[in-house]
Amino acid sequence: MKPSLRAGYRRWLGALALAGTAVASGPVAAQDQQPLVIARLLEINSLDPHRAFCDTCQIYLTATYQGLVALGADNRSIEPLLATSWEINPDQTEFTFHLAEDAVFADGSPVEAKDVKWSFERLKNIQGSPSFMMSGVAAIETPDEHTVVVKMDAPNSEFLGILTAPYTIVVNSDVAAEAGARAGADAVSADTAEAWFLSHSAGSGPYVLDTYRVDDELRFKRNENFWGEAPPIAEIVIDHTADAVSQAQMLQSGAADIAMQIDPATAETIDSDEVVIETVPSFNFIYVAFSPGAEANRVPLTLEVRQALAFALDYDGIIEFTVGGEGNPQASPIPNGFPGTTDLPMPVEDLDKARQMLADAGLADGFDLDVVVASLNVYGVDLPLLMQKIQQDLARVNVTTHIQPVASSVWREQIVKPGIPFTARFYAPDYYGSAQYVYFFGMIEDAYWLTNASGGQPESLINPREGELLEQALATADEAKREAIYHEIALQMIADRIIVPVVSPNLVLAYRNNVAGVRYSACCNLPLAELSLK
Amino acid sequence: MIALSRPVLARRPDWATLPVLIGAAIVGAWIIVALTIHWWSPYDPVQLVGRRLMPPSAEHWLGTDALGRDVLSRTLYGVRHSLPIAALVVAVAVLIGFLLGAGAGFVGGILDAVVMRLVDVTLSFPPILLAMAVTASLGPGLRNAAIAMVIVWWPVYARLMRAQVLAMRGREHVDAAVTSGARPARVLFTHILPLCWSPIIVNASMDFGQIVLLVASLSFIGLGAVPPTPEWGQMISEGALHFYHWWIAAGPGIAILTIVLGFNFLGDALRDILDPRSR
Amino acid sequence: MARYIVRRLVAMPLLLLGVVTIAFLLSHFTQADPLTSIVGERQMNNQAVVEAARKRWGLDRSLPEQYLVYVGNLLTGDLGISFRTKQPVAYDLKLRLPATLELVVAAMLIGTAAGVALGVVAARFHDRPSDHAARLFALVGASTPVFWSGLILLYVFSVQLGWLPGPGRIDARGAAPPFVTGMYTLDSLIAGDFATFRSALSHLVLPACVLGWTMIGIVSRMVRASMLDVLGQEYVLTARAKGASELRVLLNHALRNALIPALTIIGFSFAYLITGAILTETIFAWPGVGSYAVAAARELDHPAIIGVTIVGGAAFLLANLLTDIAYALVDPRVRVGGARGS
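Residue numbers (the working numbering), protein chains in the order written: chain A, 1 to 534; chain B, 1001 to 1279; chain C, 2001 to 2342.
Check the hints yourself; a few may be wrong.
30 Å max Cα-Cα, derived DSSO-like pairs, lysine-lysine [unchecked claim]:
(1) C:Lys2055 <-> A:Lys417
(2) C:Lys2094 <-> C:Lys2055
(3) A:Lys117 <-> A:Lys151
(4) A:Lys151 <-> A:Lys114
(5) A:Lys221 <-> C:Lys2094
(6) A:Lys534 <-> A:Lys221
(7) A:Lys114 <-> C:Lys2086
(8) A:Lys221 <-> C:Lys2086
(9) A:Lys481 <-> A:Lys151
(10) A:Lys221 <-> A:Lys114
(11) A:Lys221 <-> A:Lys117
(12) C:Lys2086 <-> A:Lys417
(13) C:Lys2086 <-> C:Lys2055
(14) C:Lys2055 <-> A:Lys117
(15) A:Lys117 <-> C:Lys2086
Computed list of chain B residues with no C-beta within reach of chain C, every gap over 12 Å [as the list claims (entries may be wrong)]:
(16) Ile1032
(17) Thr1036
(18) Ile1037
(19) Ala1058
(20) Leu1072
(21) Leu1083
(22) Leu1088
(23) Val1092
(24) Leu1095
(25) Leu1099
(26) Gly1108
(27) Leu1111
(28) Ala1185
If you want a taste of the chain C side facing chain A, the calculated C-beta under 8 Å gives, among others [claimed, not checked]:
(29) Glu2041
(30) Arg2042
(31) Lys2055
(32) Ser2158
(33) Gly2162
(34) Gly2168
(35) Asp2171
(36) Ala2285
Don't read these hints as lab results, they were simulated from the structure.
If you're wondering where the values come from, they're calculated on a predicted model, not measured in any experiment.
Think of the CB as a built atom: it goes at the ideal place given N, C-alpha and C, for glycine as much as any other residue.
Just chain A, with the same shape it has in the complex:
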């Protein structure tokens, strides 16, 4: 970090301030660094594993529950967890798992096949945000207490990857059922356990939930019955700290040990040699999206027009401007480093071409474009601010954008109906695998963006080639072959020009220098059990 003159000045004033610290709580010395404090925005939508869907939820669920398998530290390989071994049939339609016999939940009861079956069924039937992960599951069989067989409707070579996601963990079914949780087909209306999960965890993970107070703190304590190796730190608190500057401040003063959402510009202002700052590429990205089917369109957003506008964006400028250059361009809606993304053509700015294409479409004088964007700051990028930059870019080809920032829930409603001609949004992965992106961004049947961008008339935008390729990929066991297919899908999605990724922000990992084990996981954000103190 850049040394700054201000630091000396501050220390000098600080020395004068001894009287002040008599009342104030001064910096906390390292030895009382228990519990470990993580400063982060608590944007929790639910702590019910099958309804939760947020970045903090990933951290929480990974700490308090366990899945059948886990994602390795390389963010690619799949490792055993509750399942010690597994077999997959050649068609990729039948997955057999053998459970660890010594695995127990936090209440001491054994983890059994029925818990796995119940958890997967509840995830599917409760129709929450992560329920899509169980789509395609036809039947779950439990031949004995420690064997689970999952049968698919169709080949799904990505199922093992899905099982590394934090939402596919195994819940203690007896305890949860007693609290009103239901897994049957009527779960969507019969289940009443969501509030219970706000004060209880029911998993086999290294930690258990101690307290959760909305907008305040999420506190973990060590699971005393943990069947694996006990985690080094006995108590961890995630302290609700909304903005990057406060997080940086807490880190420097010693009030926090780890800060998770410091943006690069704020990181530059940290000048303490007790703070370690690592900047790593992330799998998160921000994209803009066109909806030709939106009712508010004043001119048809044809493929040519979409391409022209994509050429009019100043990609380098956007990265500079949103994250101070601490980010990477991304070619397709599949994030850099995921299967199939090697050597994809990056988006380029080409104003002449953009103007030419618009002129060819009879729009040389430009047109008006309505933009609705959620008032959110995600991964250090303020979406309305990003849109203001894009507004300036598009003005260069005479396109006038009318930006309307709205509450996130309003955005969610409007994107479905009446549609939003042009918008910006974000995405973070839940596991390592590319099919999740095709399901969401691809122009394939029932994909989120096909439905929304087409204004409910999918046939206008559907790209049959993508569906065929995805089917092939899901039936292919060979990894290299699969990557080649995903590469082709990525090219198709680029050509669709519905989704245009603009930046994949780097992640700033900031922590005090006596903390070890801080790393970024593609599925699970920050694995708490790996943290320790030096």
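Position chains B and C against the provided structure of chain A, taking the given hints into account.
Chains B and C only, in chain A's frame:
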């Protein structure tokens, strides 16, 4: 400031006190800025004119914001949103309050009962909570914030107006007019209303600053102005995200402070003049 | 007098019902389908899920029906379930009210103490520089947006000087004291835990000062005016003539009598403090009712918006009632009318 609504007419109006002059100077200066800024603004308030997050310098006296826009220009342009909104809200609130309040006071009966219960209930809400609830329903935007402000403020004037009309009704010249067979509306408009204005004016002058402050507050919490509008509360909330770069919030903060201070000076002085007891 | 008070007490429940009705209606004529706050992004175009949620949250019934259910539940203390926190609104408010109360009470103490002191100084040095300085200070306080002064104080005292901690109620490393009142400073004293007390107090200082500053103006103005009244009266002049020390005259004779009317004004400052608390809590990440209201309004958490509005309205009504009664007792000529106290 708080209005006790018991203005007593001045015995010796002494308008040229220092606070009045200071208040008038500040408010006058801002009005001039609002009217002329497009001729002399250093930069365009919504264009990117420099690198982002630049500290104050000779080119950008108040630095640049997170987007590279000139903070000084945005601050100066901000008055074009705050002042007209405050004026509009006061005008509409006075008009509604005037019509309903005077009507209620003059007609009495059911109209009076309905209007006054509505006034009572509306005044039972803490202003900001009511404004938040309204904007949450209508959606963000300055227009909706203004509607919320009117909903918050009209009852004050309705109640004030009604009290004035009731007090006037017993007066001789009014009774005389009524007995001489003048139409009620005529009595109301020619004999009563002209005498009711002074407390309204005092109240309005004091409410101006409060409305500026409340609109900025709504924008600050994301329920008022939407970007890229250079609105002060909105600018401070952008500044709060980058508060190591203190200059982003400095300009709009000082702007709100001075303009509200100006109105408070005026309002305070007016009250001193009209209510000698608190002198 | 008694009739006046009785009439006001009888009107209270009716006004409350009006508040409930308006709050309820406001939240039902709204920019977005409340479902969007409940149903996840991916389910919005899944008809089955949307219908199930509609049914589960009672949104499939007609508006009058929903209203009757709501009022019925309200009578049993049930304010519905928050879309955002998934917990009963009444439970959320119960957890958060003490935080707001702690902040507001601390701000009132600071604001009153400073306001009285400034008022006394201003009256004693009537029309001299100290008088003007005191009035200016109070006026600036009433004119500064708390969300800006809060930022400045945080920047100076927490970031630059490091004297006081940043946002929050307590050091994250410590745990909250056992729940008695919910006010951390009190609870930690009750538990005899001085480290926690110090932590809670140091977190309270900045937001309470920011909030307290806004009400100094009202208090000091009132104290100054009544001090000026009293200082001119016979018994004060007599005390002076008898050679009582100046301080004794000021505090014993003048202030004591001047405080009675000034005290009634403190109730009025409640409105100020509610407005201020909402913004102060946002700046200082104070997990009270104010930040709850802001989050609810931002995320269209309608049950929470209605709940906060009703509770805020009730508190506001009560404060106004008490103030009016106190005021009427002190000065029977005055019938306090519809002042927008902010």
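* Asked: Are the Cα positions of C:Lys2086 and C:Lys2055 separated by 30 Å at most?
  -> holds (16 Å)
* Mind checking the CB of C:Gly2162 against every CB in chain A and telling me if the closest is under 8 Å? => C:Gly2162 check passes; min Cβ-Cβ to chain A is 5 Å, inside 8 Å.
* To do: With a cut-off of 30 Å on the C-alpha distance, tell me whether C:Lys2055 and A:Lys417 pass.
  => Given that 30 Å is the threshold and the Cα spacing comes to 21 Å, the pair holds.
* Using 8 Å as the Cβ threshold, decide whether C:Glu2041 counts as touching chain A. => holds (5 Å)
* Are the Cα atoms of A:Lys221 and C:Lys2086 separated by 30 Å or less? -> holds (23 Å)
* Holds or violated: A:Lys114 with C:Lys2086, Cα cutoff 30 Å? -> holds (28 Å)
* Asked: Taking C-beta pairs only, is B:Leu1095 more than 12 Å away from all of chain C?
  -> holds (17 Å)
* Given pair status - A:Lys117, A:Lys221, alpha carbons within 30 Å -> Satisfied, since the Cα-Cα distance of roughly 28 Å is no more than 30 Å.
* To do: Under 8 Å, Cβ to Cβ, is where C:Ala2285 needs to be relative to chain A, so tell me if that hint holds or is violated.
  => holds (6 Å)
* **Given hint A:Lys114 paired with A:Lys221 - CA-CA distance at most 30 Å** => holds (27 Å)
* Does the claim that B:Leu1083 lies outside the interface with chain C hold up, using a Cβ gap greater than 12 Å? -> holds (15 Å)
* Please settle this one: B:Thr1036 was flagged as non-interface, so is its CB more than 12 Å from every CB on chain C? => The claim holds: B:Thr1036 sits with its nearest Cβ about 24 Å from chain C, beyond 12 Å.
The structure meets every hint from the earlier list without exception.
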